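Asks: This is what each chain is made of:
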Amino acid sequence: MTWHTDDPSALERLRATLRDRYPTLHARLREDVVHVEGTFAALSEDAHEDRYAINVRLPADYPRSIPSVWETAGRIERIIDRHVFPATGALCVAVPVELWINLEGDFSIENYLEKAVRPYLIGNSLFEEGQPWPFSESSHCSYGVLEFYERHLGTKDARVVGRFLLDLLKGKVKGHWPCPCGSGQPLRRCHGEKVNALKNVPAGALLDSVDHMVNLLRMASA
Amino acid sequence: MSDNDYLLDLLKSQQLEEGCDELVALDTERDNVEQLLNDEYPDSNPNFTHGGSRAKGTMIREDYDLDEVCYFDNDDTAPGETLEEIYDNVATLLETDYQVERKRSALRLKSKKGKDLKIDIVPGRYVSDTGTDVFLHQNEGDKERLKTNLEVHIAHVRDSGCTDVIQLGKLWRTRNGILIRTFPLELLIIEVLSTNNTGNLQDRFERVLTSFRDDIDDLSIEDPANPTGNDLSFALTDELRDTLRDVADDTLAAAADHGWEHVFGALPKAKAAALPRVAALTAAATAVSGAAPPWADDK
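If you read the protein sequences in the order shown, they are chains W and D. The numbering used here applies: residue 1 is where the first sequence begins, and numbers increase by one. The numbering used here applies: residue 1001 is where the second sequence begins, and numbers increase by one.
Mixed in with the good hints there might be a few duds.
[Said to hold, decoys possible] The calculated lysine-lysine pairs, modelled on DSBU-like cross-linking and capped at a C-alpha distance of 35 Å, are:
id : chain 1 : residue 1 : chain 2 : residue 2
1  : W       : K199      : W       : K172
2  : D       : K1103     : D       : K1118
3  : D       : K1269     : D       : K1118
4  : D       : K1012     : D       : K1113
5  : D       : K1112     : D       : K1147
6  : W       : K170      : W       : K156
7  : D       : K1299     : W       : K199
8  : D       : K1103     : D       : K1299
9  : D       : K1299     : D       : K1112
10 : D       : K1299     : D       : K1115
11 : W       : K194      : D       : K1299
12 : D       : K1299     : W       : K172
13 : D       : K1115     : D       : K1147
14 : W       : K170      : D       : K1299
15 : W       : K156      : D       : K1299
FYI, nobody ran anything at the bench for these hints, they're computed from the structure. Please read these numbers as outputs of a predicted model, since none were measured by experiment.
Chain W on its own, in the form it takes in the complex (with noise of 0.2 Å):
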């Protein structure tokens, strides 16, 4: 089952949200998938339009999980310094926890375009004209994992931000118990809001940080 067969006026729904706000955006389905396709205008300002083709496929259980997004028209090179993740042509539009955590875990058509999908293409357009992304660049792989953690947390120390995640996926962190930080601190004086922020993170997510931060103590030692 997935959300459009569990409730079929979903998809409806969808079909009218698009008309009303990305009248170029059209609900497609293939194989028991939706596909939300056309071109998406990330600028549209005076003279200027900048309109990308995309492809976003909808998740099984949308809009809880992060959808998957296509640029269409071979504008973007499919390479990953372009932040397209290789193996499938996706764009990669930010590490999936901080996505959980600026899109509060609303993965709704309208929240995904203009809290994920926008940001990154103009930034794209930006690169284009030569310009610096305008909300810098994490680096590949792991080390853009810990970057996102280091803004988050404070720590660069992969063992560290390991420890927090366990706490985490054990489901067991209480406001008086000792900050994973190591600071001697209760947590709630002190990580507390940025470890309640990471509580409504599934923990498939927080599973794949800390493979990511086992992968950069194993590269450490190495």
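Since chain W is already given, all that's left is putting chain D on it; use the hints.
Replies: Chain D only, in chain W's frame:
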């Protein structure tokens, strides 16, 4: 402003006037290709001329390219004995100055750095020394050889009385990312309007989309230059028909609910009054607060 006035202004904003930057850039490359051909085949006198939307009067700013046909005399063997040799030899010649993408019958030109120059060169050979029919080489499909006639194609579109709807249809195709080639789209629009081409632009465009929505499976297209000989079914697959139907349905519903400006967006202001592009992009980036930086993984 009425919906029809809006659509008329939209088309006006899509016009490419002779002498504009885009056409000058195309003509510069065109002249270079002609020079390459003349230098390589000094004793040939190929008909090197505009085909496609520029000749048909259906060019639009948002989706334009230049089709240049290069037809050799039927007894001219300098560029090659066979159609395939002509196609390959012209491609190889063009590769001295360009990256060349070999399409079904055309050669798409890109700069050496890979920038798409929006120019297709179509090599071919006249069928006889008197007529205007030509044979083209085909890389795909059942037949290696395609018989066609550029003059018939151009006249069929240019004199159809539908060039304004065709321009709007091309913009609709581009804005919605529909992967239909220009010629089959032109043929479909002419076919729909062949029975009733009355009314204003809005009426006629809506008639086309309504037909796509309701009758796309019943519409057929044939090459006016060779109606029985050239199979165009590859250009209008079942999947493409489904796409045309679905997108036409959405577009008509959106226009009925919100008007045509909602579908195609506000008309662009004059460039002189606008921010430079980088400044506009930077302002748009600033308006997006708290965005995450892009990442990538090699898995």
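Asks: Holds or violated: are the alpha carbons of K1269(D) and K1118(D) at most 35 Å from each other?
Replies: Measuring from Cα to Cα gives roughly 25 Å; hence the hint holds.
Asks: Tell me if the straight-line CA distance from K1115(D) to K1147(D) falls inside 35 Å.
Replies: Holds, because 31 Å separates the two Cα atoms, which is no more than 35 Å.
Asks: So if I understand the rule, the pair passes when the alpha-carbon distance is 35 Å or less; does K156(W) with K1299(D) pass?
Replies: 23 Å, holds
Asks: Within a Cα-Cα threshold of 35 Å, do K1103(D) and K1299(D) meet the stated pairing?
Replies: Answer holds: K1103(D) to K1299(D) is near 32 Å, not above 35 Å.
Asks: Going straight from one Cα to the other, do K170(W) and K156(W) come out at no more than 35 Å?
Replies: 22 Å, holds
Asks: Straight-line Cα separation of K1299(D) and K199(W) no greater than 35 Å?
Replies: Judged against 35 Å, a Cα distance of about 26 Å means the pair holds.
Asks: Between K1299(D) and K1112(D), is the straight-line Cα distance small enough, at 35 Å or below?
Replies: 31 Å, holds
Asks: When you check the alpha-carbon spacing of K1299(D) and K172(W), does it fall within 35 Å?
Replies: 31 Å, holds
Asks: Below or equal to 35 Å on CA atoms is what counts here, so check K1112(D) against K1147(D).
Replies: Holds, because 32 Å separates the two Cα atoms, which is no more than 35 Å.
Asks: Verify the proposed pairing of K170(W) with K1299(D), using a straight-line Cα cut of 35 Å.
Replies: Given pair K170(W), K1299(D) holds - Cα atoms ~27 Å apart, limit 35 Å.
Asks: Would you mind confirming whether the straight-line C-alpha gap from K199(W) to K172(W) stays at or under 35 Å?
Replies: Holds, at roughly 11 Å.
Asks: Are K194(W) and K1299(D) close enough, with their CA atoms no more than 35 Å apart?
Replies: 28 Å, holds
Consistency with the previously given hints is maintained throughout, with no hint failing.
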